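Chains as they are written, first to last, in our numbering: chain A, 1 to 480; chain B, 1 to 553; chain C, 1 to 239; chain D, 1 to 179.
Since the hints were made in silico from the structure, they are not lab data.
All figures in this text were calculated on a predicted structure; none of them were measured in a lab.
Take these hints with a grain of salt, some might be off.
[As the list claims (entries may be wrong)] Calculated lysine-lysine pairs in the PhoX-like style (CA-CA distance at most 25 Å, straight line):
hint: 1; chain 1: A; residue 1: 182; chain 2: A; residue 2: 18
hint: 2; chain 1: A; residue 1: 44; chain 2: A; residue 2: 79
hint: 3; chain 1: A; residue 1: 127; chain 2: A; residue 2: 395
hint: 4; chain 1: A; residue 1: 276; chain 2: A; residue 2: 182
hint: 5; chain 1: A; residue 1: 44; chain 2: C; residue 2: 210
hint: 6; chain 1: C; residue 1: 197; chain 2: A; residue 2: 79
hint: 7; chain 1: C; residue 1: 210; chain 2: A; residue 2: 395
hint: 8; chain 1: A; residue 1: 276; chain 2: A; residue 2: 44
[As the list claims (entries may be wrong)] Estimated spans, in silico, between C-beta atoms of each pair:
hint: 9; chain 1: D; residue 1: 161; chain 2: B; residue 2: 389; range: 13 to 21 Å
hint: 10; chain 1: A; residue 1: 368; chain 2: D; residue 2: 86; range: 27 to 35 Å
hint: 11; chain 1: C; residue 1: 231; chain 2: D; residue 2: 27; range: 21 to 29 Å
hint: 12; chain 1: A; residue 1: 394; chain 2: B; residue 2: 308; range: 46 to 54 Å
hint: 13; chain 1: B; residue 1: 97; chain 2: D; residue 2: 27; range: 38 to 46 Å
hint: 14; chain 1: D; residue 1: 85; chain 2: B; residue 2: 258; range: 53 to 61 Å
We treat Cβ as the ideally placed atom computed from N, Cα and C, and that holds for glycine.
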Amino acid sequence: MTRTVLIDPVTRIEGHAKITLHLDEGGHLVDARFHVVEYRGFEKFCEGRPFTEMAGITARICGICPVSHLLAAAKTGDKLLAVAIPPAAARLRRLLNLAQLTQSHALSFFHLSSPDFLLGWESDPAKRNVFGLMAADPDLARAGIRLRQFGQQVLELLGGRKIHSAWAVPGGVRTPLSAEAKAWILDRLPEARATVRLALDLYKRLLDGPLQREQRVFGDFPSLFLGLVGEGGRWEHIDGTIRVRASDGTIVADGLSEDDYHTFLGEAVEPWSYLKFPYYRPLGYPDGMYRVGPLARLNVCDAIGTPWADAELADLRARSGQVATSSFAYHHARLVEIVACLEAIEELVNDPELMTGRVRSRASLNRNEAVGVSEAPRGTLFHHYRVDDDGLIQKVNLIIATGQNNLAMNRTVAQIAREYITEPVGPDATIPEPLLNRVEAGIRCFDPCLSCSTHAAGQMPLRLELRAADGSLVAERCRG
Amino acid sequence: MPVPQPESPARQLRCCGASGCRSAGGDALLAALRTACDADATEGLTIKPVGCLRLCGRGPLVACDGPEGTRLYGAVPPERAADLLAAAREQGAEAGGARAALESHRLDLEHPFFRLQRPVVLETCGQVDPESIDDALAHGAYGQLRRVLAELTPKQVRDEVRRSGLRGRGGAGYPTGLKWDTVALQPPGPRTVVCNADEGDPGAFMDRSVLESDPHRLIEGMAIAAYAVGADRGYVYVRAEYPLAIERLRLALQQARRKGVLGRGIFGSDFSLTIEVRVGAGAYVCGEETALLLSIQGQRGMPRPRPPYPAQSGLWGAPTLINNVETFSAVPAILREGGDWYAAMGTEGSRGTKVFALSGAVRHTGLVEVPMGMPLRTVVEEMGGGVPDGSAVKAVQTGGPSGGCIPEERLDTPVDYESLLQLGSMMGSGGMVVMGETTSMPVVARHFMRFSVNESCGKCVPCRAGTVQLAELLDRFVEHRAEAADLERLEELCGMVRATSLCGLGQAAPNPVLSTLRWFRHEYEAALREPSHCEPPDTCTVGPDGETRGYAP
Amino acid sequence: MSVVTLRVNGQEVAVPAGASLLEAARAAGVELPTLCHLEGLTPVGACRLCLVAPEAGGRLLPACATEAAEGMAIRTDTEELQRYRRMAVELFFAEGNHVCAFCVANGDCELQDVAVAVGMDHSRFPYRYPHRHVDASHPQFALDHHRCILCTRCVRVCDEIEGAHVWDVAMRGSQCTIIAGLDEPWGDVEACTSCGKCVDVCPTGALFRKEDTTAEKHPHAERAELLRRAREQHQWSNQ
Amino acid sequence: MTVTPASAATTTATATATTAAPASLAQVVRRHGARADALIEVLHQVQELHGYLPPEALREVATLMRLPLSRVYGVASFYHLFRLEPPTAHRCAVCLGTACFVRGGAQLARRLESRLGVELDDPAGNGTWAVQHVSCLGACGQAPVVVVDGVLVTKLPVDQPEELEERLDAAGLPRPATA
């Protein structure tokens, strides 16, 4: 029986995004700030709850990447129980995350970002969305929607529901994969592959053509990149260790364990945003700026480990070097990751270990503190819990991808603004639509984890403000 | 007045020793009188501590009896003890001088406050020494019990009570005779009588006065009732907030046992009765009969659904008769004078007399016992003398947290069960609180709702959670941040809480809101938020009366 | 066995003497919502969901706690009753912290079922977000006071069936709370036999097994009746 | 001449049994024959013994009366006159019955709060004084009233601030230390 979810105060934590551009006395742009007015009260909210509930609670925090929170919470739970999860469970969790990455990346690329590329930056904002895309290129749009559905369907086959399921639990997962589900996945994989090939071909054509300026100005700057890598430095999304790589290709740190995250990550707080500002501690704040997410995962890894994905990775590196520094390359990275996911899904589904034996290890609480990590579609996600002897949460710290990209997003916005605004900015300046649109698109490279960013079919509710040196408002422009 | 007067000593000073006058300095006055009396060894003058002399607001009260009649003095400081003694003595220059000196303390016994009273329950209250069974016996106490045991069958007793038309004085007004019959006619087995002395309605102190002033009358009434329904065990459940009443009741029971008025084979009959006092511990809901029974059984006072009624299944499952103090205390007089005599007073549906506790914004506060059906205006304006500063009465609150506010324009309504119900209030136990023009009705409604929130036992959801929501809605009105939809919600929730609560507390909790909404709706409408005044609700915390926080949890 | 006949929504039904109005309604094929009531436990009439209206007028009666009487006629589903039930459910939701989304009982919760049945998807009364706590001191079970609706099934099953009387209600009014022992951590109360009956009969996610996570609780409320029948009538039907 | 000893001053404290105060909890229970229905009476007397109902005492009561612990605590916490925390040295009760309310009881309560620096109904008070509300003392004729350490103080002139303060001084309520 399907049930209605009745009361859910937790979902009321979304907010609108606001960006302010700050000028100096001379009218020159000095700073850009991406304000997240989203309330982060859930860390407080979790206090006093049983840790077993954390997967369910954190999966409700965010409507976009519930699966990532679920996995991070389950992994943290495993550590509190101090159990090794059954091999089948480990594979099923991998499968879940791959499906999540696929569907999320498909959403970001097809629904949210491709209208800009395909319909043009100057096109009518009212039509610059997936519906407009449907009208302009119905085959691509439909294929994109079906690719996302594929990912979602796998999530549902595993977890019972597309989103908000609490299928992954401390100790493993709740249910194994059915034979029918396996057959369905294998049946749909070829179509998914075809779609991503179509998208990659199209995107590469655009990169070589009309998107060159964007590649240059949409957040191209040196920074660190952070992500999980597996054995032999291979691309990884759920297990493995943490690697940090600099723009010049140097591996700054490797083999880091999430357990020690506080030794290499710091979290700064700014009064104007609810979002914290994590930084790589050895370099200090804000010099320790780093990026996470699809691009970071590709930048930090040595190889992906499956043939087609490795070929695509090689192509990406051929265009932008060993380390791609433009944030615009996130879009490309997403497509490459979809390839990696599809190949990995195929391997996993054919793995006999997936379908065997138990899927959940039972134990009671054995530790009072644990840190879990997983790669969410938009980047590395840390869950850190401290519990009392009864298993009730005393303290929670969550480090989310959007927070880690916070500094880079501000840099990106500033870079775009400088490109599209004429300095010095006079007192009667206005904000032109193309600027708003580019800023929005710049933010969208990171596919930030704001509930609002998926609403309204690609229209981010956004307010852009231009503020003078004394803080007074020069101009503003809103959307959403 | 059909009160058997004992051989009155020629001269006596009756000093009110009920809690009202005590708190106003009655103890000191009594001590001073005794010292002065011992000093000049006056012959033939008795100083007698008695119970309530009615006009509590002017305490301490002293009644000065003599062959020339009774004079009543109020607010007498102890320094005036000598004057009182002198005034009580025979006529003479000294007495004359003392009386003149006391003139400013003299209270007019011909004032309507006294003149219009018709004491039945309170007939010996203020006459008799509450701590002396001998004095009570001298005033006729236990005379009816003795007669009933010797002459009447239980059924005859019940018939007499039924004929009197007496209805329960605790508030609901259930016909007493009918209740007695129900208990008596249950299948054979043990029965219990219980006196509900958990007088919890704010503004009500009738029962306390009876317990403090004339406890033997209550015991006699209970004993007669026990005989009439076949009970051999009785409990008086008194609220702990009445320590003096408990003390005097316990003393009276001890004396009664010693005199053989209680115990085995009372007055040589084969009727036996033991009565125990059970003291509450601060829970208004224990005035509800099923809660009261559980409390007597040493449990949480949480009401249970009725039926079955306690008359069928009460204490430890046995048929149990529950009446309140005033109801039992009316019984001896009814048997003495006959049910018809009692029924001749009052109105068609509400027979006899009723004791009211008059308080609030009124000149004369205290206890009045009047025939049912007396117009409210007579009680409040003539007897009570209206609002002290002479301004108009705005409303009269009757029935406590279960009752309602009756507006000035309806004061001509006769006080009886049905008329008050029609006005959206109720008789309740008899508290009558007068409100002057400055009283804000939403504030009053909230006051009562907070009371209900505080006193809800928490068993059923409409009362436990509904009263909390109602209090919060009323906050919005008091603080001028309500919206039109809140008025709708208020009324709807009132209706739900009233219809669905498990016991009388919850069922009646919305009454103060509904009655003030009915008569003073404009005050609620005026409290709606101004359209211009639309800050988020939480930022507005201070109301126009400056009252922002209450005592509710 | 003597029989009483009465009318439920106009339909005549006969039930054994001593049967409740709830049983009479069921005999007439009418399902009334209930929360506090549970077969096998003494009825308390606290949740007010099973209230029915006597056709003769007068106060509404809790069907679970009212004996059916000869010649009685009741209505179970008047517009007014429906409105009251809905409001009662709203009050339940507003007074606690009921977040279905990650509740251990999501999908198998009587409060949720009742909300669906009466068509309540949000409370018009402000949520009070009370500060409550979770007692997870017992090695196997936990009590989340946020989800407790004070139905007292746990109190009764522990007292009447298990005979341990670990639970009771403390405080009063909106402060009411279920307590173990002297308001101690459950795990410290020696009287507890860890039988789990309280968990089985809890209608919401308030009492649960600690290993269960979101939507994994599947209570066995019928156990109270089965155990009582086994004890009193020596009849076992739960093989 | 009828003379009776002046009985105890009016208090809001719990009423006591007429017999001499027992010395121990066991005696209290024994006096009631350990009957379950005597629980409230027993708790009254235990409170008199200790000033409040400490957990150890409740445990002992339960053991001696053979009652479940939760039942004893449930009863003790249901009735507002039972104290589960040690009382402050001094206590003040303000009546918020209807008559007192009409005559300014709520203002009086606020005055007491600010004078003593306490919150109404916070049993901890300011450490020395605590102020609680009571629903009605039945002293409606003398409204508004407060009870200071067991002594009823009546007819307080709420609308005459200076006189009010003097009356409160006289009742033994400390004034706030001047800053």
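In rising order, the numbers of the hints this structure does not comply with: 1, 3, 4, 6, 11, 13, 14
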